[in-house]
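*Asks:* Sequences listed follow chains A, B and C, in order. Numbering-wise (this note's numbering), the first sequence opens with residue 2 and increments by one. Numbering-wise (this note's numbering), the second sequence opens with residue 9 and increments by one. Numbering-wise (this note's numbering), the third sequence opens with residue 308 and increments by one.
Take the hints with a grain of salt, since some may be wrong.
[Said to hold, decoys possible] Counterexamples of contact, computed for chain B against chain A with all Cβ distances above 12 Å:
(1) A25
(2) A33
(3) L79
(4) K82
(5) T86
(6) N115
[Unchecked claim] Dumping the calculated DSS-like pairs for lysine-lysine here, alpha-carbon to alpha-carbon at most 25 Å:
(7) K77/B - K165/A
(8) K47/A - K27/B
(9) K77/B - K47/A
(10) K265/A - K165/A
(11) K46/A - K82/B
(12) K439/C - K417/C
(13) K165/A - K270/A
(14) K417/C - K336/C
(15) K77/B - K76/A
(16) K267/A - K257/A
(17) K327/C - K651/C
(18) K27/B - K46/A
(19) K267/A - K245/A
(20) K245/A - K270/A
(21) K245/A - K257/A
(22) K270/A - K257/A
(23) K645/C - K555/C
(24) K82/B - K54/A
(25) K309/C - K336/C
(26) K54/A - K76/A
(27) K54/A - K27/B
(28) K82/B - K76/A
(29) K327/C - K309/C
(30) K327/C - K705/C
(31) K257/A - K165/A
[Unchecked claim] Sample of chain A residues facing chain B (criterion: CB under 8 Å; computed from the structure):
(32) P23
(33) I27
(34) G28
(35) R43
(36) V45
(37) H222
(38) D223
(39) R225
(40) A229
In short, the hints are calculated from the structure, not lab data. Please read all numbers here as calculations on a predicted model, not as lab measurements. Ideal placement from N, C-alpha and C gives every residue a C-beta, glycine not left out.
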Amino acid sequence: MHNPQLNADGELQHLLTLEGLPSEIIGRVLDTAVPFVSIAERDVKKVPLLRGKTVFNLFFENSTRTRTTFEIAAKRLSADVINLNIGVSSTTKGETLLDTIDNLVAMNADMFIVRHGQSGAPHLIAQHLSATHRSHIHVVNAGDGRHGHPTQGLLDLFTIRHYKRDFRELTVAIVGDVLHSRVARSLIHGLTTLGTPEVRVIGPQTLLPTAVEALGVHVFHDMRRGLAGCDVVVMLRLQSERMKGSLLPSAGEFFKHYGLTVEKLKLAKPDAIVMHPGPMNRGVEIDSAVADGTHSVILPQVTFGIAVRMAVMSILAGN
Amino acid sequence: MTNASLPDAEVTLGRLADKMRGAVAFDAKLIGIYSGGAWLAERLAEMLEGEHPVGYIDVSFYRDDYAQKGLRAKLATTTLPFEVAGSRIILVDDVLYTGRSVRAAINELFDYGRPESIELAVLIDRGGRELPIEATYVGARIAVARDLSIVLQRHLDGSLELSVEPAGSVTGA
Amino acid sequence: MKIEIRNGRLIDPMHGVDRKASLYVAAGKVAAVGEPPAGWHANRVLDAAGLVVCPGLIDLSARLREPGFEYKATLESEVAAAIAGGVTSLACPPDTDPPLDEPGLVEMLKHRARSLNQAHVYPIGALTVGLKGDTITEMGELAHAGCIAFSQADAALADTQVLLRALQYAATFGYRVWLRPQDIHLARGGVAHDGEVATRLGLPAIPAFAETIALDTIFELVRATGVRVHLARLSTHDGVVRVRAAKKAGLPVTCDVAIHHVHLCDVDIGWFNAHCHLIPPLRGTRDRAALRAGLVDGTVDLICSDHTPVDDDAKQLPFAEAEPGATALELLLPLTLKWAREEKLPLSAALDRITAAPARVLGLDAGHLAPGADADVCVFDPELHWVVEPSALRSQGKNTPFLGLELSGKVRYTLVGGQVVHEA
Numbered sequence: 002m003h004n005p006q007l008n009a010d011g012e013l014q015h016l017l018t019l020e021g022l023p024s025e026i027i028g029r030v031l032d033t034a035v036p037f038v039s040i041a042e043r044d045v046k047k048v049p050l051l052r053g054k055t056v057f058n059l060f061f062e063n064s065t066r067t068r069t070t071f072e073i074a075a076k077r078l079s080a081d082v083i084n085l086n087i088g089v090s091s092t093t094k095g096e097t098l099l100d101t102i103d104n105l106v107a108m109n110a111d112m113f114i115v116r117h118g119q120s121g122a123p124h125l126i127a128q129h130l131s132a133t134h135r136s137h138i139h140v141v142n143a144g145d146g147r148h149g150h151p152t153q154g155l156l157d158l159f160t161i162r163h164y165k166r167d168f169r170e171l172t173v174a175i176v177g178d179v180l181h182s183r184v185a186r187s188l189i190h191g192l193t194t195l196g197t198p199e200v201r202v203i204g205p206q207t208l209l210p211t212a213v214e215a216l217g218v219h220v221f222h223d224m225r226r227g228l229a230g231c232d233v234v235v236m237l238r239l240q241s242e243r244m245k246g247s248l249l250p251s252a253g254e255f256f257k258h259y260g261l262t263v264e265k266l267k268l269a270k271p272d273a274i275v276m277h278p279g280p281m282n283r284g285v286e287i288d289s290a291v292a293d294g295t296h297s298v299i300l301p302q303v304t305f306g307i308a309v310r311m312a313v314m315s316i317l318a319g320n
Numbered sequence: 009m010t011n012a013s014l015p016d017a018e019v020t021l022g023r024l025a026d027k028m029r030g031a032v033a034f035d036a037k038l039i040g041i042y043s044g045g046a047w048l049a050e051r052l053a054e055m056l057e058g059e060h061p062v063g064y065i066d067v068s069f070y071r072d073d074y075a076q077k078g079l080r081a082k083l084a085t086t087t088l089p090f091e092v093a094g095s096r097i098i099l100v101d102d103v104l105y106t107g108r109s110v111r112a113a114i115n116e117l118f119d120y121g122r123p124e125s126i127e128l129a130v131l132i133d134r135g136g137r138e139l140p141i142e143a144t145y146v147g148a149r150i151a152v153a154r155d156l157s158i159v160l161q162r163h164l165d166g167s168l169e170l171s172v173e174p175a176g177s178v179t180g181a
Numbered sequence: 308m309k310i311e312i313r314n315g316r317l318i319d320p321m322h323g324v325d326r327k328a329s330l331y332v333a334a335g336k337v338a339a340v341g342e343p344p345a346g347w348h349a350n351r352v353l354d355a356a357g358l359v360v361c362p363g364l365i366d367l368s369a370r371l372r373e374p375g376f377e378y379k380a381t382l383e384s385e386v387a388a389a390i391a392g393g394v395t396s397l398a399c400p401p402d403t404d405p406p407l408d409e410p411g412l413v414e415m416l417k418h419r420a421r422s423l424n425q426a427h428v429y430p431i432g433a434l435t436v437g438l439k440g441d442t443i444t445e446m447g448e449l450a451h452a453g454c455i456a457f458s459q460a461d462a463a464l465a466d467t468q469v470l471l472r473a474l475q476y477a478a479t480f481g482y483r484v485w486l487r488p489q490d491i492h493l494a495r496g497g498v499a500h501d502g503e504v505a506t507r508l509g510l511p512a513i514p515a516f517a518e519t520i521a522l523d524t525i526f527e528l529v530r531a532t533g534v535r536v537h538l539a540r541l542s543t544h545d546g547v548v549r550v551r552a553a554k555k556a557g558l559p560v561t562c563d564v565a566i567h568h569v570h571l572c573d574v575d576i577g578w579f580n581a582h583c584h585l586i587p588p589l590r591g592t593r594d595r596a597a598l599r600a601g602l603v604d605g606t607v608d609l610i611c612s613d614h615t616p617v618d619d620d621a622k623q624l625p626f627a628e629a630e631p632g633a634t635a636l637e638l639l640l641p642l643t644l645k646w647a648r649e650e651k652l653p654l655s656a657a658l659d660r661i662t663a664a665p666a667r668v669l670g671l672d673a674g675h676l677a678p679g680a681d682a683d684v685c686v687f688d689p690e691l692h693w694v695v696e697p698s699a700l701r702s703q704g705k706n707t708p709f710l711g712l713e714l715s716g717k718v719r720y721t722l723v724g725g726q727v728v729h730e731a
């Protein structure tokens, strides 16, 4: 199936999903992010790569955190950034998603960073741009429904690579609400593409998608068994809405079975790292002692996140 | 111009060091432009008298051809283990040609701080300037056809060698 | 008007006819087959050499979008699409706006269709008022106005007690009920088949057992009430297995499959192609294989188009938000031919599924070409290739997963009631 993310020369045109992205391209993004990490340590944190370019942050779903990191990343590339919070659904405004895109294109947009509550929205936008001969405009998926959050996946891969070096020797566990998690899906695709031999998902049956093994993971319902020997533990955020609607009885019960405590972490390798895409629910999926402890790399994830997004945008804008 | 008629890299480096010895500031800091300039900066630091700290600069983010060519595949990390602000800097590069790489390096350095002064040392000056940039110290001046590139290589034993290749296989300096 | 359809390959599945023969039409009926009636003098001769002459197609589900959804399509455009597709009779579901729960609405629809004088339109009445699933409709009045059966279309009828009463009432008077086997709670919020594809794409999913649980419920109620039920749009392997068992046990059930589910499965969604957003969802390859096998062995009685024109704005949305449905009246024939070719089925058997079999379910003397039958005829060229493009479709809906594909099989003439209503 034609990969809509790549142009005719096999270069990255959009970043929509990590699924099907060649490992060379993933590797290039990670390598490109390295110098951007040190740029963040300078006084002048800007480079002129995207000077004169206009980046639109199109957030159909609220997220101050992700929007801010993209904004910082784009500004550090010297781009002009416009933030648009469209609210829950474009149809409540009366304007369709694609009409909104067309209007922004008329305002000389060079890049769209899109977060949307529905899976497939960035794909729809990319396909529309291609069909209307505007292939020079790039789309970055900042999270679409449950489907994907490729920049998060990339920054997670960058973090793992920073601390652990070779993916081909790792056991990685992803814990929590995988069913609703775009972060989990993207990370799973990235890990399997880079050759991680053992990727585990840990959660109750209600929070694991059907046929999840088909993504190349091993399923564990027992967290203690799932954590045994792990090099990396990724805790997913549990949203409060999941406590209603019959998926889970309560946060307390979830924490008992699937929360990460100091004691459970001892089952993983002694030098295991703990990751979390944020924002954390302390005491629901993760204990404060772990979140603030020596295994936690949650704060470096944020720093790496800006560098990785700078890498993504500068590779796209140059193609 | 063929490989045979190129000057010997080691000999030229020796000449460059001779010109710099006694002329450079005692506290000058050497910053080599990846990757040829980086090798040269390390060698010069050994060959010149006194302590000259060495830094490395990758100009990929400051190039003026990003819109045409995109981001280069191989990036290195600019590493400056000293304060740029107030320093006397000697930028080191292997080949001075259009002057655009040096322009990019100067812009990048200024984002680190305001240097006291910047001088430029190059192994080879091949003319063909497109910007008003000149080197303070030059190892050798040669003329090369536009469709050729001069490339510096470093062998496993650390020795340096110059060769000529068709242009386009490396980005012009 | 006396019309002679000359030298075509005449296929009449109901009577087992498949031979080169001419068809003679007069006074709106089939006058003779093979040899002209005595004193025959044709007003018009249609040269059917190299073409297939078969009964006009009968489509058990085609949304005409009137009343209420005229911005999506109108009776004029969709009936024109029907006859361009060789469909001479169609049944339309009751989910119009307002739903077909009042005799006046049914009469108006029938009147509009009659005045167009093109295809026969058979409205299906709402089983409950407003399709809300609370109160049963005046089925007697609706039947009198022209409804040939009653259904909930895609609307929920979760209350099994209401469903039981509705079936009991229908059974009392011998009315047929058409039901979609989908457990509304298990299907809630779902837009794709619960399997690997939905997991990858992060789409809310509908498990296969949403269909089988509903089938089990329906069969129990059929057993209890004796009502004749037609199951609309089967989609799962296990569903086919259950229907096979139910028929074997003697239950008065029939069922159909939409043409899309004969050909496509969830993998065809690709990167969120909203044209593949359908109800029921496209399921897995195993399900598709079971549906195809069921069509061959008769477990699945017939194929319908499930024609649902959707305006562009409603399709150019992220997958889950896009309105489900595909335009299909003009694709029913070529896609049925494609299935026949792939399965190496005799053409007569394939055409049976879109002519004689639907006629049986409707309880009509139609879908065949014996002398005395209504002259509803489809004449098509099985070898004519054409590309599915918006400009090639008469329907106002251009939403089909087959856009851009080349199909073979195109209608050359359609006759309804002995009149040529379409020619190409």
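*Asks:* Hints first: check each against the structure and report whether it holds.
*Replies:* A quick look at each hint next to the structure:
Here A25/B stays apart from chain A, with its beta-carbon at least about 30 Å from theirs, past the 12 Å limit. Under the 12 Å C-beta cut-off, the non-interface status given to A33/B relative to chain A holds; the minimum distance is some 24 Å. Its closest Cβ contact with chain A, about 4 Å, brings L79/B to no more than 12 Å, contrary to its assignment away from the interface. K82/B, annotated as away from the interface, has a beta carbon of chain A within 12 Å; the closest lies near 8 Å.
Remark: the non-interface label on T86/B conflicts with the geometry, its nearest Cβ contact in chain A lying 7 Å away (cut-off 12 Å). A beta-carbon of chain A comes within 12 Å of the beta-carbon of N115/B; the shortest separation is about 8 Å. Of the supplied pair hints, the one linking K77/B and K165/A is violated, its CA atoms being roughly 33 Å apart against a limit of 25 Å. Between K47/A and K27/B the alpha-carbon distance is near 36 Å, which puts this suggested pair outside the 25 Å criterion.
A threshold of 25 Å between alpha carbons decides the hint, and for K77/B with K47/A the separation of about 20 Å falls inside it, so the pair holds. Between K265/A and K165/A the alpha-carbon distance is near 21 Å, which keeps this suggested pair within the 25 Å criterion. For the hint linking K46/A to K82/B, the alpha-carbon distance of about 21 Å falls within 25 Å, and the restraint holds. Using a Cα cut-off of 25 Å, the hinted pair K439/C and K417/C holds, with the two alpha carbons roughly 24 Å apart.
For a cut-off of 25 Å, the pair hint linking K165/A to K270/A stands: about 12 Å separates their Cα positions. For the suggested pair K417/C and K336/C, the alpha carbons sit about 21 Å apart, so the restraint of at most 25 Å is met. Restraint check: the Cα-Cα separation between K77/B and K76/A comes to about 22 Å, which is no more than 25 Å; the hinted pair holds. Taking the CA atoms of K267/A and K257/A, the gap is about 16 Å. The hint holds against a cut of 25 Å.
Pair hint K327/C plus K651/C holds up; C-alpha atoms about 21 Å apart against a cutoff of 25 Å. For the proposed pair K27/B and K46/A, the alpha carbon gap of about 36 Å is over 25 Å, so the pair is violated. The hinted pair formed by K267/A and K245/A fails the criterion: a straight-line CA distance of about 32 Å is larger than 25 Å. For the suggested pair K245/A and K270/A, the alpha carbons sit about 35 Å apart, so the restraint of at most 25 Å is broken.
Between the alpha carbons of K245/A and K257/A the distance comes to roughly 18 Å, so the proposed pair stays at or under 25 Å and holds. With a C-alpha separation of about 21 Å, the suggested pair K270/A and K257/A falls inside the 25 Å cut-off, and the hint holds. Pair hint K645/C plus K555/C does not hold up; C-alpha atoms about 29 Å apart against a cutoff of 25 Å. Between K82/B and K54/A the alpha-carbon distance is near 24 Å, which keeps this suggested pair within the 25 Å criterion.
Taking the CA atoms of K309/C and K336/C, the gap is near 10 Å; set against the 25 Å cutoff, the hint holds. Straight-line distance between C-alpha atoms of K54/A and K76/A comes to about 10 Å, which keeps the hinted pair within the 25 Å bound. Pair hint K54/A plus K27/B does not hold up; C-alpha atoms about 45 Å apart against a cutoff of 25 Å. Distance hint between K82/B and K76/A is fulfilled; the C-alpha atoms sit about 23 Å from each other, no more than 25 Å.
Using a Cα cut-off of 25 Å, the hinted pair K327/C and K309/C holds, with the two alpha carbons roughly 20 Å apart. A threshold of 25 Å between alpha carbons decides the hint, and for K327/C with K705/C the separation of about 36 Å lies outside it, so the pair is violated. Proximity of K257/A to K165/A is assessed by CA-CA distance (about 29 Å); at most 25 Å being required, the pair is judged violated. At a threshold of 8 Å, the smallest CB-CB gap from P23/A to chain B is about 13 Å, leaving the interface hint violated.
Evaluation of the I27/A hint against chain B yields a violated restraint, the C-beta minimum of about 14 Å exceeding 8 Å. Below 8 Å, beta-carbon pairs count as interface contacts, and G28/A has none with chain B, the closest being about 10 Å; its hint is therefore violated. Annotation: R43/A was flagged as interfacial toward chain B, and the flag holds, the nearest CB pair being 6 Å apart, inside 8 Å. Interface hint status for V45/A: upheld, as the beta-carbon distance to the closest one in chain B is roughly 4 Å, under 8 Å.
For H222/A, the interface hint is violated, since its Cβ never comes within 8 Å of a Cβ in chain B; the closest pair sits about 43 Å apart. Here the hint on D223/A is broken, as its CB sits about 43 Å from the closest CB of chain B, past 8 Å. Using the Cβ-Cβ criterion of 8 Å, the hint placing R225/A at the interface with chain B is not satisfied: the shortest such distance is roughly 41 Å. Evaluation of the A229/A hint against chain B yields a violated restraint, the C-beta minimum of about 37 Å exceeding 8 Å.
Of the numbered hints stated above, those contradicted by the structure are hints 3, 4, 5, 6, 7, 8, 18, 19, 20, 23, 27, 30, 31, 32, 33, 34, 37, 38, 39, 40, listed in ascending order.
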